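**Q** Here is what each chain is made of, one letter per residue.
2 protein chains.
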Amino acid sequence: MMSPSLLIVVSGPSGVGKNTVINNLFIRKPDLRYSVSATTRDPRPNEIDGQHYFFLTETEFQKKITAGDFLEWAKVYEYYYGTPKQHVQQLLSSGCDVILDVDVQGALQVKKSLPEAVLIFLAPPSLAELKKRLAGRNTEPETELNKRLQYIETEFQMMPQYDYLVINKEIDLTCDQIECIILAEKRRVNRQPENLLNNILNG
Amino acid sequence: MMSPSLLIVVSGPSGVGKNTVINNLFIRKPDLRYSVSATTRDPRPNEIDGQHYFFLTETEFQKKITAGDFLEWAKVYEYYYGTPKQHVQQLLSSGCDVILDVDVQGALQVKKSLPEAVLIFLAPPSLAELKKRLAGRNTEPETELNKRLQYIETEFQMMPQYDYLVINKEIDLTCDQIECIILAEKRRVNRQPENLLNNILNG
Chain A
1 MMSPSLLIVV
11 SGPSGVGKNT
21 VINNLFIRKP
31 DLRYSVSATT
41 RDPRPNEIDG
51 QHYFFLTETE
61 FQKKITAGDF
71 LEWAKVYEYY
81 YGTPKQHVQQ
91 LLSSGCDVIL
101 DVDVQGALQV
111 KKSLPEAVLI
121 FLAPPSLAEL
131 KKRLAGRNTE
141 PETELNKRLQ
151 YIETEFQMMP
161 QYDYLVINKE
171 IDLTCDQIEC
181 IILAEKRRVN
191 RQPENLLNNI
201 LNG
Chain B
1001 MMSPSLLIVV
1011 SGPSGVGKNT
1021 VINNLFIRKP
1031 DLRYSVSATT
1041 RDPRPNEIDG
1051 QHYFFLTETE
1061 FQKKITAGDF
1071 LEWAKVYEYY
1081 YGTPKQHVQQ
1091 LLSSGCDVIL
1101 DVDVQGALQV
1111 KKSLPEAVLI
1121 FLAPPSLAEL
1131 KKRLAGRNTE
1141 PETELNKRLQ
1151 YIETEFQMMP
1161 QYDYLVINKE
1171 IDLTCDQIEC
1181 IILAEKRRVN
1191 RQPENLLNNI
1201 LNG
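Chains as they are written, first to last, in the working numbering: chain A, 1 to 203; chain B, 1001 to 1203.
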């Protein structure tokens, strides 16, 4: 039987506004849970193990890779990041829906391990709009910005492997659409508990 | 390319409240269209051909069956009823979403002809509740009522072949859920127009 709780993976190109969307979803749906990632980077001041990240040594992380303990993982520059399978499954079996914020490559890894995960691709209204937003951030050197822009087209090519496409034009509309997707997915016949039919027939 | 418009098939056991739900959906979503059925029965006073039904002779109807012109058809007692494929496709290509109100057998026929149709099974909160509603109607002899009740279990057995299950507990909640299903289905990646990616990338 599939879990009636959902694992919702939201990803999309840098600058699309994913964090704002996810933060708004948590305000709207207090029963949503955020999946905590594991990492090999050092904790920053005020970061708490198990809350912001699960902080692991590289040896611990690699052991977990070998054991298949990650739904997805990646090495970004010198550090490893990953989604611990057991942590996600604990949240799901407690009856909560879980939001996973991973990049496009990670999302597709998750879908492979857990086909019932719901993959939402968050796209900008236009590439021009995205470039404007990214340039407006002004937080990184131009070479970094150009690298990001080059990666965007690769990300878009992976969109057909997602379940849903949501265009982030206006934050409230975007969150409405994602809330509807969550509600609709919960009504899918193949997600219904096995005893539901009996409950109705004998109710 | 799939049509961005949706064919939504709503069915469920007698007495579940399907007509009330569908009528409410039309009030909420004025852009929804109702698919007009074809039939061989005689028009009643005030019934208009092409609006209430397409009235056909039995010979005409059978020709259309042979030609594969129906998305689904059935013979109920002495009359034929069917959903004309061309009529539905015209409504869809005009950009409207179409609601189809057919029984469970018909719904599965539609899914076979048009796999992108969205099948929603409307269920009562409980069989006891349904029996109460049916008995409350008081419009048919008891033998007819018992026949209906026997058929209900057969209908439930077909639920796993549907896409969505909505339990009709409270009309507004039911319509909210169906509206969400429609919205979510429109965000499905495989329903996006082919040129969308180019529009975003070149926009």
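Hints are computed from structural coordinates only; laboratory data are not their basis. Careful, some of the hints might be misleading.
[As the list claims (entries may be wrong)] Distance condition first, Cα-Cα at most 27 Å in a straight line; then the derived DSS-like pairs of lysine-lysine:
| # | chain 1 | residue 1 | chain 2 | residue 2 |
| --- | --- | --- | --- | --- |
| 1 | A | K111 | B | K1186 |
| 2 | A | K112 | A | K186 |
| 3 | A | K186 | B | K1018 |
| 4 | A | K64 | A | K186 |
[As the list claims (entries may be wrong)] Just so you have them, the derived chain B footprint on chain A, three or more residues with Cβ under 8 Å:
| # | region |
| --- | --- |
| 5 | 19 to 31 |
| 6 | 72 to 83 |
| 7 | 182 to 195 |
No experiment lies behind these values; they were computed from the predicted model shown. By construction, the Cβ of each residue, glycine as well, lies at the ideal position given by its N, Cα and C atoms.
**Q** Find the hints from earlier in the document that the structure breaks and name them by number, from lowest to highest.
**A** Hints 4, 5, 6 contradicted; others consistent.
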